[in-house]
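Asker: Each chain, written out:
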Amino acid sequence: MILMKKINNHNKPALWVNKMLFILAMSLQLLFFAGCKHDDLSIALPNENIRQAGDFVKNNYEMTLFYAALKKTGYAEQLNGAGPFTVLAPTNDAFNRIGIYNAADFDKMNADTLKKLIGYHILPRRLLVNDIPSNGIDIRYATLTGPELYVSRAAFNPNGGVEKELYIDGVEVIRKDVVVANGVLHLLDNVMKPNFNKTVQQWLAEHADYSVFVKGLKKFKLWDQLANPAIFTIFAPNNQALADVGITDASLTALDAEKYLGDRLFGAYILYDRHFFISDSQVFSLINSNGAYNYFLKNDSHYMNFGGGKQYPTFKLGYGLTLRSGNTFSDVILNSVNSDLTAKNDNLCSNGIIHHLVSGLVRPDQAIRK
Amino acid sequence: MKTEKFNNRITTSRFKQLAWLFASCLLLFNSGCVKVEYSKIDDPAYLRVFNNLNYVQTLGSKDNKVPFFCMLINPVLDGNGTPTSAEIVGDFLDQRDAYAPPYPSHIGTSTSVNNPEYPGKENVLVGPILNGFDLSSWAQVPSGRVRIMFAYRPKNTMPFFQLENQLKKDILIDTTLNLTNKEVYTLHLLQKDFVTKRAGILLREEIFQKLPLSDSLTYVNFYNMSAKGYWEADKSLKADDYLMASFQGGMKDEMNVFLSLYENQNILSNTEATVPGFKGKYIANVKLNTATGMVNPYVSFPIWAGKTANGITTNMWQRFDFFVPGMDVTNNPFYPASTDNGGNWVSVNCLQNGKVRMVSNDNAAILPNLLVNIHSGVNNPKTFATVNTIEVVNGRVYLTTIQRKYAPPIY
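Protein sequences, first through last, are from chains A and B. Residue numbers for the first sequence follow our numbering, so the first one is 1 and each next one is one higher. Residue numbers for the second sequence follow our numbering, so the first one is 1 and each next one is one higher.
Just so you know, the hints here were simulated from the structure itself, not pulled from any lab data. C-beta atoms are modelled at their ideal positions from N, C-alpha and C, and glycine is treated no differently. Take the hints with a grain of salt, since some may be wrong.
Calculated cross-link-like contacts (lysine-lysine; reagent style BS3-like; alpha-carbon spacing at most 30 Å) [as the list claims (entries may be wrong)]:
| hint | chain 1 | residue 1 | chain 2 | residue 2 |
| --- | --- | --- | --- | --- |
| 1 | B | K228 | B | K62 |
| 2 | A | K176 | B | K62 |
| 3 | B | K355 | A | K298 |
| 4 | A | K298 | B | K307 |
| 5 | B | K197 | A | K298 |
| 6 | B | K355 | A | K116 |
| 7 | A | K198 | B | K65 |
| 8 | A | K198 | A | K108 |
| 9 | B | K307 | B | K281 |
| 10 | A | K164 | B | K62 |
| 11 | A | K72 | A | K116 |
| 12 | B | K355 | A | K164 |
| 13 | A | K370 | B | K235 |
| 14 | B | K355 | A | K344 |
| 15 | A | K221 | A | K259 |
| 16 | A | K198 | B | K62 |
| 17 | A | K176 | B | K228 |
| 18 | A | K115 | A | K316 |
| 19 | B | K235 | A | K298 |
One-sided excerpt, in silico: chain B residues whose CB lies under 7 Å from chain A [what the hints assert, rightly or not]:
| hint | residue |
| --- | --- |
| 20 | G60 |
| 21 | D63 |
| 22 | K65 |
| 23 | V66 |
Build the full structure now, drawing on both the sequences and the hints.
Answerer: Listed below in C-alpha cells is the structure:
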C-alpha cells in the first residue's frame with residue numbers, strides 16, 4: 001500500500017510534465033511552420049550541361065589531344081547531344097606513343113581516316129563494365145563508325161578471387177565507368193588500331209620498316225596467303241629486328257631460297273588460324289590460370305611457346321616467343337624473344353592481327369634444308 | 001475511469017473484427033481467382049538429353065563456337081526457316097556435368113539458367129516410377145515420329161524465342177526420331193569425327209527398367225562415345241583439363257575394363273586394402289560406338305562385399321582401370337602417376353562426392369561413388385545399390401546413376 005501511494009504521488013507531477021511537453025511540442029511545430037516562410041529563398045539550379053561527354057573530355061587535362069581530335073572530326077558537338085554514348089578516351093600519353101604530341105599533328109592525318117578512327121572510339125550505347133559478361137572474351141560491340149570492337153573482361157578466377165581487368169581491342173582500360181550525363185567514359189592506355197577493310201598483307205606492304213620481312217615472305221612464297229580471308233596472327237619483326245639475326249635486304253637477295261626452310265625462317269612469325277590480342281594471354285592467365293599457347297610451326301617440326309602478360313617493372317602488356325626444335329623437354333631452344341613495345345602491338349586488320357616484334361627469331365643457319 | 005476502459009475494449013475488439021474481415025476477404029479474393037490448367041501429354045515417351053560437346057575456355061579455343069544449345073522438339077518454322085515455337089523446348093542446354101545424379105537434386109541450389117541436361121532444371125512433366133526406378137530425371141515427350149533440332153544460341157540468359165531473329169538460324173542438328181510410347185530413352189548430342197568436327201546424335205533405348213535387378217548388387221555398363229580420331233590426334237589439339245588426368249588424351253577404340261573395390265573411401269589412397277577378389281578384376285570390354293544405340297551389358301558387384309559392411313551402410317569405393325587388350329593391372333608398364341599413356345591406360349576413381357583426389361600422385365580422373373549413401377528411414381547414412389552408366393567421350397568420363405525410390409528420412 002505504501003508503495004502504491006508513492007507511485008501515485010509520483011504520477012501527478014508526471015502527468016503535468018506530459019502536458020507541458022505536449023504544449024511545447026505544439027508550439028515548436030508552429031514555429032517550424034512559421035520558419036518555412038522565406039519568400040526570397042533561391043537555390044542555384046545545378047548546371048546540367050557540365051558533365052556531357054563532350055564537355056567532360058574538354059575539361060579534362062589528361063584528354064586534351066583526344067578532345068582536339070573530337071573537335072577536328074566534329075564528334076565533340078555530337079557528344080554533347082542526347083546519347084547515350086560510351087566514350088573510349090585514350091590519354092595524352094597514348095597519343096604521344098603513336099607520335100601525336102599536339103593538336104596540329106592531327107592535321108597531318110587524312111581527315112576521313114581520322115574520323116573513322118575517332119568514331120571507332122565511341123559506342124552508340126551506354127556500356128558499363130557490369131554490362132559486359134563476366135570473363136567474356138572477344139565480346140563484340142558496334143562502334144559509331146560501324147565496325148565492331150572486341151572487349152575482353154577478366155572478372156573472376158575459377159579458383160576463387162575477383163579480377164578487375166578490361167581490355168578493348170587489346171588496349172587496357174585504365175579507368176572504368178566514369179559516368180557522364182549522357183553516357184559513360186572509359187580511359188584507354190593506348191589508341192586502338194583498327195584497319196577496317198585492310199588485310200594483314202596490305203598493312204605490311206604499307207609499312208616501310210617491315211620491308212625486309214615482306215621481302216622474305218615473298219621470297220619463300222608465304223606472302224600471297226596473307227591476302228586470304230583466313231585468320232592470321234603475325235609477329236612482325238622490323239628491319240632492325242631481322243638485322244639482329246643476320247637478315248638484311250642485301251643478304252636476302254643473295255640467299256638461295258631452295259637451300260632454306262621458309263616455313264621456319266619466315267613462317268616462324270606467322271601463327272595460323274588464330275586471332276590473338278596480346279591482352280588475351282593476360283586475361284586467360286587471370287581467368288583460367290593459363291595464358292600460354294604452344295604450337296608447332298606450320299609444315300615444320302619446330303615448336304613455339306607464346307605467352308603474354310604484364311611485364312615487370314612497367315606493368316604494361318608485352319609478350320614472349322620461344323622457339324624450340326621440338327615439343328619435348330630436352331629440345332633445344334633456338335631463340336627466345338621478349339617484345340614489350342605495347343603501343344605498336346594489336347594492329348587489327350580484316351583477316352588478322354599484327355604485333356610488332358623487337359627481335360628476329362631464326363638465323364638463316366638455323367633453317368638450312370638438310 | 002471504468003467507461004474509458006470499456007471504450008478501449010470496444011475499440012480493440014472492433015479493430016480485431018475489421019482485421020479478420022479484411023484477412024478473410026483477402027483470402028477469398030486470392031484463392032477465388034486461381035485456375036489451374038494441368039498440362040498433359042498423351043502416350044508419352046520418356047527422354048533425357050545430354051550435350052556431350054564439351055569445351056574449355058582457353059586461349060587456343062577462344063575463337064571456337066561455344067556448344068550451347070536450345071533443343072526444339074516438333075518446332076514450328078516461319079517462311080524463312082526460323083523457329084517460332086516448338087512443342088518441347090529445352091533451352092540453355094550447356095555441356096553435361098561429370099555426374100548425372102539419380103534425382104535432379106543438383107538443381108536445388110543453382111542460380112544459373114544453364115542446364116547440364118534435359119529436363120534437368122526445366123519444370124516439365126517427368127516420368128513415373130517404373131519397376132521401382134524413379135524417372136524424375138526423364139521428361140515426358142510425345143511419342144511417334146518427332147522432329148528434333150539443336151540450335152546454337154548465345155551464352156546469355158535470354159530465352160531462345162526472345163532472341164533476335166538472326167541469332168535463331170544457326171541449327172546444328174535437324175533430324176527426326178522415332179520414339180515408342182512408354183519407353184525410356186537417353187539422347188546424346190556428340191561429336192562423331194574429331195578431324196572433320198562432324199556432330200551427330202545418338203539415341204539409346206534404355207532397358208534397365210525391364211531387367212530383374214537385385215537390390216544388393218550394383219550394376220554398371222560402359223560406353224565409349226568418343227569422336228573418331230580423338231585419341232590419335234596431337235595433344236595440342238585437345239582441351240587441357242588436368243582434372244581429367246589420364247583421360248585427357250582419350251583412350252583407344254577397344255579397351256578392357258578392370259574393377260578394384262576399396263574398403264574405405266575415407267582413406268584417400270589407391271594402395272590401401274581392397275575387397276578380396278576385387279583387385280583389378282576384369283569385368284567388361286568396351287568398343288568405340290557412336291553409330292548404334294545398343295545397350296551394353298550391365299555387369300554387377302555385390303555392395304556388401306566389404307569387411308566393414310553391415311547390411312545398412314558401407315564405405316566401399318570403386319576404381320575402374322581401362323587397359324588396351326593384352327595389358328592389365330599385373331603387366332602394366334606405366335608408372336602409377338603416368339597420365340600420358342597414348343590411350344593405352346586410363347583410370348577413374350569413384351568415391352565420396354567425386355571431388356576428392358588421392359593424396360598420393362595418381363593418374364585417375366574423379367567421379368562420385370557409384371553407391372548412394374543417404375539418410376533414409378532411421379539410418380543415416382544408408383547405402384543403396386544403383387544402376388550406373390559410365391561414358392567416355394573424347395577426353396572426359398561421365399557417370400549417370402539411377403536409383404530406386406527409397407524411404408524418406410525419419411529425423
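Asker: State for each hint whether it applies.
Answerer: Here's how the hints hold up against the structure:
1. A threshold of 30 Å between alpha carbons decides the hint, and for B/K228 with B/K62 the separation of about 23 Å falls inside it, so the pair holds.
2. With a C-alpha separation of about 24 Å, the suggested pairing of A/K176 with B/K62 holds against the 30 Å cut-off.
3. Note on B/K355 and A/K298: the hinted pairing is violated, with a Cα-Cα distance of about 39 Å set against a maximum of 30 Å.
4. As the CA atoms of A/K298 and B/K307 are separated by approximately 58 Å, the hinted pair breaks the 30 Å bound.
5. For the proposed pair B/K197 and A/K298, the alpha carbon gap of about 20 Å is at most 30 Å, so the pair holds.
6. With a C-alpha separation of about 52 Å, the suggested pair B/K355 and A/K116 falls outside the 30 Å cut-off, and the hint is violated.
7. Our distance criterion of 30 Å between C-alpha atoms is met by A/K198 and B/K65, whose separation comes to about 25 Å.
8. Our distance criterion of 30 Å between C-alpha atoms is met by A/K198 and A/K108, whose separation comes to about 21 Å.
9. Distance hint between B/K307 and B/K281 is fulfilled; the C-alpha atoms sit about 18 Å from each other, no more than 30 Å.
10. Of the supplied pair hints, the one linking A/K164 and B/K62 holds, its CA atoms being roughly 20 Å apart against a limit of 30 Å.
11. Restraint check: the Cα-Cα separation between A/K72 and A/K116 comes to about 12 Å, which is no more than 30 Å; the hinted pair holds.
12. With a C-alpha separation of about 29 Å, the suggested pairing of B/K355 with A/K164 holds against the 30 Å cut-off.
13. Simply put, A/K370 and B/K235 have alpha-carbon atoms about 27 Å apart, close enough for the 30 Å limit, and the pair holds.
14. Distance check on the hinted pair: B/K355 and A/K344 sit about 45 Å apart at the alpha-carbon level, beyond 30 Å; violated.
15. Under the criterion of a C-alpha separation no larger than 30 Å, the hint pairing A/K221 with A/K259 is consistent with the structure, at around 14 Å.
16. For the hint linking A/K198 to B/K62, the alpha-carbon distance of about 23 Å falls within 30 Å, and the restraint holds.
17. For the hint pairing A/K176 with B/K228, the CA-to-CA distance comes to about 47 Å; that exceeds 30 Å, so the pair is violated.
18. Distance hint between A/K115 and A/K316 is fulfilled; the C-alpha atoms sit about 28 Å from each other, no more than 30 Å.
19. Under the criterion of a C-alpha separation no larger than 30 Å, the hint pairing B/K235 with A/K298 is consistent with the structure, at around 16 Å.
20. For B/G60, the interface hint holds, the least distance from its beta-carbon to any beta-carbon of chain A being 5 Å, beneath 7 Å.
21. Residue-level restraint check for B/D63 holds (minimum Cβ-Cβ distance to chain A is 5 Å; threshold 7 Å).
22. Because the smallest distance between the Cβ of B/K65 and any Cβ of chain A comes to about 12 Å, over 7 Å, the interface hint for this residue is violated.
23. For B/V66, the interface hint is violated, since its Cβ never comes within 7 Å of a Cβ in chain A; the closest pair sits about 10 Å apart.
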